[in-house]
Amino acid sequence: MKSFGAGVMSNSIPEIRDLDFLFIIGSNTTEAHPIIAMEMKVARQRGARMVIADPRKIWLCDYADMHLQLRPGTDVWLINAMAQAIIDAGLVDKDFIEKHTEGWPELRANLAKFKLPEAERVTGVPAELIKAAAIEYATTRKAAIYYTLGITEHAHGTDNIFSLANLVMMTGHLGVPFGGLNSLRGQNNVQGATDAGATPLYYTGFQPAGDPANRAKFEAAWQTDLPAGVGKNLNEIMKGVEDGSVRALYVMGEDILISEPNTNHLEHGVKALEFLIHQDIFMNETTKYAHVVFPGASFAEKDGVFTNTDRRVQRVRRAVNPPGNARPDWQILCDFARAAGYAMPHYRNAGEVYAEIASLAPRYAGISHERLDATPMGIQWPCTGPDHEGTQYMHKGGPVKGKGTFIVTNYRPPVELPDEEYPYNLATGRVLYHYNAGTQTRRDSGTMAKVGECFVEVHEEDAAKLGVADGDKVKVVSRRGGVYAKVWVSGRVQKGNVWMPLHFTEAAINKLTVDVGDPLAGTAEYKVCAVNLIPVRGGKAAPAEAELEAVRHPHG
Amino acid sequence: MTDGFTITVDGKPVAAQPGETVLRACQRAGISIPTLCDDKRLDPAGACRACLVEVEGQRRLQPSCAWNAVPNQVVKTQVTSPRVQKHQDLLVSLYMADHKLDDSGLPVETCNGNDLRAWATQCRPVALEPVEAPRAARPGDKNPYIQFNPELCVLCARCTRYCDEIEAVNAITLTGRGSETTIGTAGMRGLLDTTCELCGGCIDTCPTGALVEKKAIEFLPHHIERKVRTTCNYCGVGCQMDLNVARVDGVEKVVRVTSPPPGETVNDGNLCIKGRFAYDFIHHKDRITEPMIRKADGRLHAVSWDEALKFAAEGMNRVKQRHGPGALGFISSARCTGEENFLMGKVARAAFKTGNIHSCAAT
Chain A
0 MKSFGAGVMS NSIPEIRDLD FLFIIGSNTT EAHPIIAMEM KVARQRGARM
50 VIADPRKIWL CDYADMHLQL RPGTDVWLIN AMAQAIIDAG LVDKDFIEKH
100 TEGWPELRAN LAKFKLPEAE RVTGVPAELI KAAAIEYATT RKAAIYYTLG
150 ITEHAHGTDN IFSLANLVMM TGHLGVPFGG LNSLRGQNNV QGATDAGATP
200 LYYTGFQPAG DPANRAKFEA AWQTDLPAGV GKNLNEIMKG VEDGSVRALY
250 VMGEDILISE PNTNHLEHGV KALEFLIHQD IFMNETTKYA HVVFPGASFA
300 EKDGVFTNTD RRVQRVRRAV NPPGNARPDW QILCDFARAA GYAMPHYRNA
350 GEVYAEIASL APRYAGISHE RLDATPMGIQ WPCTGPDHEG TQYMHKGGPV
400 KGKGTFIVTN YRPPVELPDE EYPYNLATGR VLYHYNAGTQ TRRDSGTMAK
450 VGECFVEVHE EDAAKLGVAD GDKVKVVSRR GGVYAKVWVS GRVQKGNVWM
500 PLHFTEAAIN KLTVDVGDPL AGTAEYKVCA VNLIPVRGGK AAPAEAELEA
550 VRHPHG
Chain W
0 MTDGFTITVD GKPVAAQPGE TVLRACQRAG ISIPTLCDDK RLDPAGACRA
50 CLVEVEGQRR LQPSCAWNAV PNQVVKTQVT SPRVQKHQDL LVSLYMADHK
100 LDDSGLPVET CNGNDLRAWA TQCRPVALEP VEAPRAARPG DKNPYIQFNP
150 ELCVLCARCT RYCDEIEAVN AITLTGRGSE TTIGTAGMRG LLDTTCELCG
200 GCIDTCPTGA LVEKKAIEFL PHHIERKVRT TCNYCGVGCQ MDLNVARVDG
250 VEKVVRVTSP PPGETVNDGN LCIKGRFAYD FIHHKDRITE PMIRKADGRL
300 HAVSWDEALK FAAEGMNRVK QRHGPGALGF ISSARCTGEE NFLMGKVARA
350 AFKTGNIHSC AAT
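Chains as they are written, first to last, in numbering that gives the first Met the number 0: chain A, 0 to 555; chain W, 0 to 362.
Since the hints were derived computationally from the structure, they do not count as laboratory data. Using N, Cα and C, we set each Cβ at its ideal position, and we do this for glycine too. Incorrect hints may have been included.
EDC-like, lysine to aspartate or glutamate: derived pairs with alpha carbons at most 16 Å apart [as the list claims (entries may be wrong)]:
{"#": "1", "chain 1": "W", "residue 1": "Lys294", "chain 2": "A", "residue 2": "Glu273"}
{"#": "2", "chain 1": "A", "residue 1": "Lys494", "chain 2": "A", "residue 2": "Asp461"}
{"#": "3", "chain 1": "A", "residue 1": "Lys449", "chain 2": "W", "residue 2": "Asp163"}
{"#": "4", "chain 1": "W", "residue 1": "Lys39", "chain 2": "W", "residue 2": "Asp192"}
Below, a sample of chain W positions facing chain A; criterion: calculated Cβ distance under 10 Å [said to hold, decoys possible]:
{"#": "5", "residue": "Arg40"}
{"#": "6", "residue": "Trp66"}
{"#": "7", "residue": "Leu89"}
{"#": "8", "residue": "Lys141"}
{"#": "9", "residue": "Glu164"}
{"#": "10", "residue": "Glu263"}
{"#": "11", "residue": "Ala307"}
{"#": "12", "residue": "His322"}
{"#": "13", "residue": "Glu339"}
Produce the entire structure from the sequences given, and follow the hints as far as they go.
Take a look at the structure:
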């Protein structure tokens, strides 16, 4: 990360319960990270103060001291106004800024325009609340910030993070236990996937792919020549599928036709691919167009490691055999590489694969399956040698990259704003009872008993205007497509805003969303787009498939 | 271990920390004191009275779970105090009079173990007239995961305190008076109609097996062959869990998920609904079980691994030769292991010479 050198959770989960102040922004923690929310609630019961910034009245608001209910997409304004309030109150940590950062004068000059009255007008949050939250954060020593996709899945997602990083550094909440900037990662191994090098930017262990020295190192280890430079990121690969410059895909453990934004357009590209390999545990939309299907193994059927959100490497252990002729995914990949003509080593087990990772990446050099087996708490990287005990919190004694950089950020409105034709802001997210596209949780009786179908949260005044009530069916339409959902007048969304969960395949919500990516991270703007709601009279339980097709492909 | 001090338990020195209870100091030293209502994650309740000890200078026996250790304290447990042992013999007898017993006259073994049974075997219970306890369950509770058996409940309130202090939803509560006291909900509604998030922490903390996983009842307690510690495959918290394996129709299956003891892992023994209960997908009938290739008829056909691998390798190599490595894309998965993501990167870069490798998002 450009601000201070690592885009990960700087501190640790077990520190949460001893915090005195928590600032939670864009994270519906109770539903997306339930066990971390438990720790936050324990902290609260032990006397910590809790401030939540979220457009919705999320569950955790019941425990919060303040709820900054900002308008969707105005996070930069809110955070920068907090920073300016801290400057006005004379509460910046001059010592930390001087020793550990650069770019302060430029930032301070830019922040001057983020005044409280204007912040209230833009964000909708009372100026007094913004100021109170800012001052409490700046004056509490054990104070930490938590965020997740609520602020990153925007076209200006990186600006949001830079703004938060500025806030952390200007108050010196970095490089100490019980502080830091903490990104709660959404998936079991989203951290580990990047760590391992499944990214165009880096080889294993965040070693830049564009650096010829790294390329030479991996060419020596893998005994072959490797491509120079940096390849396409996910967003670019998907654009390539749409425009025909990418002609073949190998997709492991993902349904690109559900999870990627603006899926209507993508589907045509996927249909036209010359070759598609899909490796998964269940059939899904992507499988429909696959030329080859490899049956993989679930987490209960293979060995390996996951890296969690606080950089903790932990073991995954095989408990049962995969069904039928399904096989652990690591074995399939090795066999496939050999069939394609590459001399992949014959690893006897996943531990030997990990040993190769550790040998190539200094930050995991001290980690092995054997050592993890003896460590029930797991090992937090960096862990550079067999005697290194791992790293509870990062940036001790100064930011990892040397000096932390203050990055000037400015407000940019969301790409698509409501208008007369599409008058509502749609945001998307998770519910506690399901997980992502629901391939796993929608196959369980209890999770379905709690939440069994797609819903759309609507403000009561909007519901009255539309003439709909709880349980009524509506068609939610954007410029890109439409899906059906049941109305829930939840009392959680603001007027003019609606919210939908992303777990329901038949309501594939990413048919609605915008595929404009953040220019730096390539993250799609899943969080804000403009929609309209059309009541469906007669209240059919499920629309006919033909009707759905018409919605999916309005132009034929 | 700054500011540590020593107390004397049964005549032996025991190290203690400021603010620590007598019970915790004893547990660390390996001294066994029976408890029912104690859970490291919860504030001491002093409810079950099983852990009473003699503390020098105190007229009454004191609950070691709620009594702080102080320097030079002298404590006697059931090992050296006949008074404590006598208290325990009588107390366990009272519990047993209000509890389901097996043919040997001991509290029944249950699906999730029974700390009362273990304790009773260490005592000399006296036979008391059984109490006709009218304690009620919630007969209309249709929740699919959590079953409550009132006849096994000792009202230690661990489940209700967990629901309050840790999960903080207060779905269940002690309700009723006297012998009718039970674990209830507001209006005795089913759990699906309360604030309950179905985390199942109440099952995990129950000491007598009065709360149990509905889905696993038929396999418990004797059919679990082993427990395998692993990392949950849902969100990014990385909770540690134990997959319970049983043989079903000759095939080993995951039939239950339990949490590790508090204090040992990053999740401190806690799990959410997905981690503890949403494991049916593992053995679901929709799992893909055979490699498949799309043949001339446009349909997918099951084939051998050799044929599928050969077909796949030829297909990718063909596109690479025709359009160059830049026309290939490799999408790895945040759901798969670190090793697999590493290998996907290696396949893309080393075997196919492309940097078009990324992982993502949602399945």
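If you check each hint against the structure, which ones fail? 3, 4, 6 and 7
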